[in-house]
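The lines below spell out each chain.
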Amino acid sequence: MTATIERPATTASAPSTTTTLTMAGAINAGLRAAMDRDPKVLLMGEDIGALGGVFRVTDGLHKDFGDDRVMDTPLAESGIVGTAIGMAMRGYRSVIEIQFDGFIFPAYDQITTQLAKMHYRSQGQITLPIVIRVPFAGGIGAVEHHSESPEALFAHTAGLRIVSPATPQDAYDLIQQSIACPDPVMFFEPKARYWDKGEVDTARVSAQLDAADGQSAGTAEMAKARVAREGADVTLVAYGPTVRLALQAAEVAAKDGTDVEVIDLRSISPLDSGAVVASAKRTGRVVVVHEAPTSFGSGAELSARVTEQAFFHLHAPVLRVGGFHTPYPGATYEHDYLPSLDRVLDAVDRVIQH
Amino acid sequence: MDVGGPLSEEGLVQLLTPAGERIGNEQFDPFAAHLSAHDLRAFWRDMTVLRSWDLEATSLQRQGELGLWVQSLGQEAAQIGSGHALREPDFVFPSYREHGVALTRDVDLVEILRIFRGLQHGAWNPADHGFHLYSLVIGTHALHATGYAMALDRDGLVASGDPDKDGAVVAYFGDGATSQGDVSEAMVFAAVNNAPVVFFVQNNQFAISEPATRQSRVPIADRGKGFGIPSVRVDGNDVIACHAVTRWALEHARSGQGPVLIEAFTYRMGAHTTSDDPTRYRSKAQDEHWRERDPIARLDAHLTRSGELDEQFRAQVAAECKALGERTRTTVRGWTKPPTTTMFDHVYALPHATVEAERAWFERYESSFADVEATR
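For the record, the sequence lines run as chains A and B. Under the working numbering, the letters of the first sequence match residues 1 to 354, in that order. Under the working numbering, the letters of the second sequence match residues 1001 to 1376, in that order.
Take these hints with a grain of salt, some might be off.
Listed below are the simulated SDA-like cross-link pairs for lysine to any residue, each with C-alpha atoms no more than 25 Å apart in a straight line [as the list claims (entries may be wrong)]:
1) B/K1225 <-> A/L75
2) A/K281 <-> B/A1360
3) A/K40 <-> B/K1165
4) A/K224 <-> B/V1355
5) A/K224 <-> B/W1361
6) A/K224 <-> B/A1357
7) A/K224 <-> A/V277
8) B/K1165 <-> A/G91
9) B/K1165 <-> A/R69
10) A/K224 <-> B/A1360
11) A/K63 <-> B/N1194
12) B/K1284 <-> B/L1007
13) A/K281 <-> B/E1356
14) B/K1337 <-> A/Q125
15) A/K197 <-> A/L61
16) A/K40 <-> B/N1194
17) A/K281 <-> B/A1357
18) A/K224 <-> B/T1354
19) A/K224 <-> A/L61
20) A/K224 <-> B/P1351
21) A/K40 <-> B/P1351
No wet-lab data here; the hints were simulated from the structure.
One chain only, chain A, in its complex shape (with noise of 0.2 Å):
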C-alpha cells in the first residue's frame, strides 16, 4: 500500500491553481467548491449562519447561499443529525458542523445507533452520505468541553469513516472527499491549526471529483496515510494537531543523528496501518503521538496492529504518547497534558535506547 499521494507537478504553460490558505480558509473554500458543485450539499449547525461560526469556518457562505442551503438550527446536537438523516433519505448531503468538541454528546446517539448503521439495517438500500465537522483538541486555553479528542469513541462503531487534516491542502481536500462520499464521515478539525498557512493546491481535488469515478477515488484516497517527513531510524506516527508537533521533534531529532520518519494517518477510520506497518520494518521503532487520551485511544490499535504483523522487525516495544486518563484540566495545565516536545523527544530516545 503506497502513503504517498500522486500530485502531478505544476507545468509552466497551465495557470497557476495554487494558494495560500488558512486551515479554516482551506475548509472554507472546501465547503464553497462543494456546494457549487452539488446544489443538494447543505450546511447545518449552530451560529453557522450569519455569524459565520464561532471559528468563522463557514464565513460568507451563508450570504452567498442563503438560508436554505446555510442552515442555522435549533441548539439540538441530537436534532440536527437525527434531521439531516431524514434530510438524506430525500438525497440531501448535509455537512453538519458541531460547534466544539464536548457537545458532540448529545448527538452520540444518532451517531452511533443511526446515522453508521442505517446502510446495514437497510441492506445498502440507504445511503446517509453526512458529514459531521468537529472542531476538536486543545491547546487554546479553552473552559471545560472546548478541547477534547473523542475521535475513538467514534472509530469503534462500524459504519462511521473518520478523517483529520493536518495541513490546508488535506483540509480542502479531505472536506470535499468527505461530502462526496456516500458514507457517513466524521471530520476532526484540529482548532489550534485553524490559522497556520500553507499553499492550497485547488485544481487536483476538483478533477478528481468531477470525474466518472469521483466518489471512490475521493473516498479511497481519504483513507492513505501520507509520509509527512522520510527518515530511516524512527516512525514517528501522527495526525490532526499533532503532525506539527511531530516534524518539530523530527527537526529537533534530527540534530543528534536520529533520523525520523513522520506519517500522517489523515484517516483514522479505516485506518492505513498499512503504511505504518511498512514503515515499522523499515525502521524497527514506532512512536505514536496523539492528543487523546492513550487508553484505548488510535494509538493503542495502530500498536496492536504493528505488533500483530511486524512482530520481528521490531527493536523497541511501541510507545504511546498522548493524553492522560483525567478529564482534559483547566487551562492552566493543559500544556502539561497535552504531548509535548520534550515527551514526544522522550519516546523516541526511549526507542532509540531500548
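Following the hints, complete the assembly by docking chain B onto the known chain A.
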C-alpha cells in the same frame, strides 16, 4: 377507570362508541364522510387479518421459530385507521409495533418476520412502500421523520398548488417515547421549520411495565401546545375517529400549515413482547375493562347493526386469515441462514479496509475447515 393525567379519557374525539354507535362530531365528521360501507368493511378486514396474523406470529415464537415477537394486539384501530388516511406521496416512520400501518402500505407482513427470526435488521425497501424500516431505539426516528418532512418542503412537495402531488410524513411512537429528548427535539425542529409532519402517539398506556403516569402528568397531547403544535386526543380504539383525525392532520400538514400531534388513546392488549409478563404489573380487571373496548368488536358491532357485514364476507376474510397463516408458517420455517460472510455486506457503501481485511480473514478461517472435512 378515569384516573386523570395521561390516562384520562377526557377530550377524546370519538365517532364510534364502544357499543358501535356512530356519533357526530362537527370538526371531524367531514373527514369521515367519504367512508362507504365498503371502506368500513375493508377496515374490518384489515384489522381482522392483522390480528389473526399477529397471533400466528406469537405462536411461531412460542414454537421457537422466531426469537422474539412484538404484538400489535389491541392497537389495530389506531394503526389501520390512520394508515388508510395516508396517500402515495406520504411517508411513514414507524417504531417497531406498527405492523398494521405496514399492512396499509402494502408491506408483505410475512417479510417483517425476517427481523424477528434474526436474519436481517430491515426487511423491505422503504422507498417502495413510503414506509421506513422499524426503529428500535425509542424516539430516534421522530427526528428522521422531521428531516424527511423538511426535505419534502424543500422539494416543493408541500402546498404546491397541486394537492395530488403534496406529501406529508407520519412518525409513529408510543407514550414512553414522549419522554425521549429526541421526540422533544423533533417537535422543536418541526415547529420552527413548519415541517409537514404528523406525530402520531399511540398511548397504549404502557412502556413495557411502566404506566404512562411515569412519563407525564398531563395528557400526552397537551405537550404540543408548548411547541406551538396543534394537538388532538382521539379514541385509539375507534377506527373511524383515528382515520378522520389523521386525515385532517395530513391535510393540515400537506397544505403547508405545519406539524400536528395526535394522541391516540388505546391499550396494549398483549404483552410488550413475547419476553414480557404483564401479569406482574397489571390486573385482570384492567385487561377486562379494555377487552370490552376491543377495537375490532366495536366496528363489528357497528357494521352488524347496519347490516353491512354478512356471513359471506366473514367467511371470505376467515379464509384469507387461514391462508395467510399457512403461508406465514411455511415461509418462516423455510427460511435458512444466509452464508455467514454476508454479515460483512453493506457495513459501508464503498470498501473499508478493516471490514475487507476481517472478511478475508474470516473466509480463510472458514475454509480452513474444508480440508478437515475432506480428510474425514
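Hints versus structure:
1. B/K1225 <-> A/L75: 20 Å, holds
2. A/K281 <-> B/A1360: Given that 25 Å is the threshold and the Cα spacing comes to 23 Å, the pair holds.
3. A/K40 <-> B/K1165: Holds, at about 21 Å.
4. A/K224 <-> B/V1355: Roughly 16 Å between the alpha carbons, so the hint for A/K224 and B/V1355 holds.
5. A/K224 <-> B/W1361: 21 Å, holds
6. A/K224 <-> B/A1357: 15 Å, holds
7. A/K224 <-> A/V277: Roughly 13 Å between the alpha carbons, so the hint for A/K224 and A/V277 holds.
8. B/K1165 <-> A/G91: 18 Å, holds
9. B/K1165 <-> A/R69: With Cα atoms ~24 Å apart, B/K1165 and A/R69 stay inside 25 Å; holds.
10. A/K224 <-> B/A1360: 20 Å, holds
11. A/K63 <-> B/N1194: OK: A/K63 and B/N1194 at ~23 Å, within 25 Å.
12. B/K1284 <-> B/L1007: Between B/K1284 and B/L1007 the Cα gap is close to 17 Å, so the pair holds against 25 Å.
13. A/K281 <-> B/E1356: Since the Cα atoms of A/K281 and B/E1356 sit roughly 23 Å apart, the hinted pair holds (cutoff 25 Å).
14. B/K1337 <-> A/Q125: 21 Å, holds
15. A/K197 <-> A/L61: 21 Å, holds
16. A/K40 <-> B/N1194: The hint holds at about 20 Å.
17. A/K281 <-> B/A1357: 20 Å, holds
18. A/K224 <-> B/T1354: Within the cut-off at roughly 13 Å; holds.
19. A/K224 <-> A/L61: Violated, because 30 Å separates the two Cα atoms, which is more than 25 Å.
20. A/K224 <-> B/P1351: Given pair A/K224, B/P1351 holds - Cα atoms ~13 Å apart, limit 25 Å.
21. A/K40 <-> B/P1351: 24 Å, holds
In summary, the one numbered hint that this structure violates is 19.
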